[in-house]
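Visitor: This is what each chain is made of:
2 protein chains.
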Amino acid sequence: MISDLQATFSSRAHLMKRSAIRECLKLTQQPGVISFAGGLPAPGTFPVDDLKAIVAEVLATDGASVLQYSTTEGDPVLRKLLTQRHQEIGLDITEENLMVTTASQQSLDFLGKVFVDPGDKVICGLPSYLGGLSAFKVYGAELIGIDFDENGMRSDKLEEILSALKAKGEKPKFIYTIPDFQNPAGISMPRSRRLEIIEIARRYDVLIVEDSPYRELRFSGEPIETIYQLDGTGQVILLGSCSKTFLPGFRIGWLIAAEEILEKFVTAKQSADLCTSAFVQRIAARYIEQGLYDKNLKLIIDEYREKKDTMLAGFYEHMPEGVSWTKPEGGLFLFLTLPPHLDAEPLFYKAVEAKVAFIIGSVFFCNGGGQNTMRLNFSFVSLEENIEGVKRLAKVIREAL
Amino acid sequence: MISDLQATFSSRAHLMKRSAIRECLKLTQQPGVISFAGGLPAPGTFPVDDLKAIVAEVLATDGASVLQYSTTEGDPVLRKLLTQRHQEIGLDITEENLMVTTASQQSLDFLGKVFVDPGDKVICGLPSYLGGLSAFKVYGAELIGIDFDENGMRSDKLEEILSALKAKGEKPKFIYTIPDFQNPAGISMPRSRRLEIIEIARRYDVLIVEDSPYRELRFSGEPIETIYQLDGTGQVILLGSCSKTFLPGFRIGWLIAAEEILEKFVTAKQSADLCTSAFVQRIAARYIEQGLYDKNLKLIIDEYREKKDTMLAGFYEHMPEGVSWTKPEGGLFLFLTLPPHLDAEPLFYKAVEAKVAFIIGSVFFCNGGGQNTMRLNFSFVSLEENIEGVKRLAKVIREAL
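Line order of the protein sequences matches chains A and B.
Okay, so the first sequence: first residue is 615 according to the numbering used here, each after it adds one.
Okay, so the second sequence: first residue is 615 according to the numbering used here, each after it adds one.
For the record, the hints were derived by calculation from the structure and aren't laboratory data.
Mixed in with the good hints, there may be bad ones.
Claimed, not checked - Pair ranges (Cβ atoms, derived):
#1 E903(B) <-> E637(A): 49 to 59 Å
#2 E931(B) <-> R632(A): 57 to 67 Å
#3 R699(A) <-> P954(B): 12 to 22 Å
#4 S834(B) <-> L641(A): 47 to 57 Å
#5 G704(B) <-> T847(A): 39 to 49 Å
#6 D618(B) <-> N981(A): 41 to 51 Å
#7 K1005(B) <-> D663(A): 47 to 57 Å
#8 E637(A) <-> E839(B): 33 to 43 Å
#9 E784(B) <-> P804(A): 18 to 28 Å
Ideal Cβ positions, reconstructed from N, Cα and C, are used throughout, including at glycine.
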């Protein structure tokens, strides 16, 4: 072994931190712990039997091509289908605007790779998905957080920050948003707020990233146009995924952007992993083509809605006064806020002792805030565990008050 | 769209170039062109029928777990098997030394990400695999090439360069080698040369990267210990892949390293794509467990050996004097050297007109050399096309003399 390995690592590698969530999750895997901590889809929604038939068919008809190296932009069949699905909901795009990625996390990594030099500013919500923040930070991004209200990222605060940066001659590389059923906050950005954010981004000449893995998981209310569509000028980069609506184990995501942006991401992918498995892409494509994706989506939505309702009912029944929570219209998560003097971090260890787990909300705050918050996932555990877990959690909170 | 997209890209993004090979390959896809240009395995070797049975079994028994998010380090079943296979050939490792990656290209990307700051030196062979060079260059690596002889990277030249760097107080981040059936040169490094390289790397305190996707595809001669094993001190990072020995479409590779190095790569993978598809990993694991991998490997080796022999026989028969070539003991490629005054680049366009294609050798030379060389792949085309393609190529070369 060489004498000084640490000095051989890049400055980037020194910024790499093991995910705080992943380390917490290890504790939550103790026997008997009801975990609201992860972000896992319910495995009961995985369409195992349909897959068997489709895989057999794909191997029989397309084996030689889908088991071979594929194009970096994505399997042509899946790329076309995904483009059509976005055209149908109103996006003015062609296949040249869409590439398949090795799940959405790869798109997040590429955002850092393609845009961020050390010291560059990136705007994100308070709170924001940790996997995004980590990916940007590895490339040296300085994250600037924008406060949330019940409609998501506050446009007045966004303008304040952009204006202050402009006064110093600075401009962030992009604004990172998760408008639908935000992770971790579980809240959605109404149309009016989306338009405000777009207007400000245009005025300050800044790209918007719309990370949208939960959009199709809507339990109630009407779908709102994507920021990509509302903008319509190519100033938005839209990230999609089928990890939450189909299968996380296939590692399929996509990125939609103006051609001159997409071109850079395709080049980034050439040296990152050449292509995503055409085998899983083609299976996904046939699954969508046969109408099974939309059919199964309805079942997933019904199941998650019931689980969310059960959790909220448990909160109303058991949570002490002074505790509040978001009421998501979709997605996998909700956010719980404790009275200001309560710190969720010591509470986490007490909760694990009481055999229930959550994610400490502060990990999602790039400014170190949110110490009295927690993220709760409702998609994974059964209804029975959901009911029992909420009781345990409420008891732990009550005792800490 | 924002006003100045170019200024918004990172300095890294400005270093990203579309792969020269991939752009050439587009030309070679014209109808009737016999292409020795790509690096594709023969699709006839893909075990489609065996896969059908295994996929059905994996879905039935492990569906819920392999379709879910998996551990970043790799599917436990595959990780264990790959570790065992390397222990069996003499590597002193445990599972803690091995992680699964989204094909070898991801390992190459991570080498750049984890080790290279802009301006850092990386040593590579003249020639070397372009996908490796590109991955390092994106992170700002300055590549220093070492001349080859018939045994691969010249140890005297390596020492000369390391000594000159040391005199300036500099040290490269790593030495990038492909000891078995090198891409593109098609030559192998004998044991004695491996030991020389290790001795020099130790003396100059530099890591060695051993990129070894072709090792198991040996047509003749005895296997040589990996550099990883011959070193035995953890100064070597070994990259493996089943893209050439099983299926490129599964995108499965692995990286073996000392634990303190592997730890950084696992963290890099958390933000790059979280995990590789457990679905394809488990299928691969069952395929290996059932002995099918080793059985099919024998068929692949027999097929590629015959194709290589056919190509060499064609060369002896048709190539004009002054043209020489390597005689690989394994792998997918051989390297052809034209008389010094002939430039392979204009010849490439003439060859495509004559309906045969190759890769211009100079793309593999980081110093701009190798203008009279070309890489030829023999794994993909049929024996008949092989024979006809060599005739066409020999004619094009003869006419250019």
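Visitor: All hints are to be evaluated individually against the structure, with a verdict given for each.
Guide: Now the hints, each set against the structure:
1. E903(B) <-> E637(A): 49 to 59 Å: violated (32 Å)
2. E931(B) <-> R632(A): 57 to 67 Å: holds (59 Å)
3. R699(A) <-> P954(B): 12 to 22 Å: Violated, at about 56 Å.
4. S834(B) <-> L641(A): 47 to 57 Å: Check passed, 54 Å falls within 47 to 57 Å.
5. G704(B) <-> T847(A): 39 to 49 Å: Given a distance of about 60 Å, which is not inside 39 to 49 Å, the answer is violated.
6. D618(B) <-> N981(A): 41 to 51 Å: Violated: the Cβ-Cβ distance is about 29 Å, outside 41 to 51 Å.
7. K1005(B) <-> D663(A): 47 to 57 Å: holds (53 Å)
8. E637(A) <-> E839(B): 33 to 43 Å: holds (37 Å)
9. E784(B) <-> P804(A): 18 to 28 Å: Given range 18 to 28 Å: violated, Cβ gap about 57 Å.
Against the hints set out earlier in the document, violations occur for numbers 1, 3, 5, 6 and 9.
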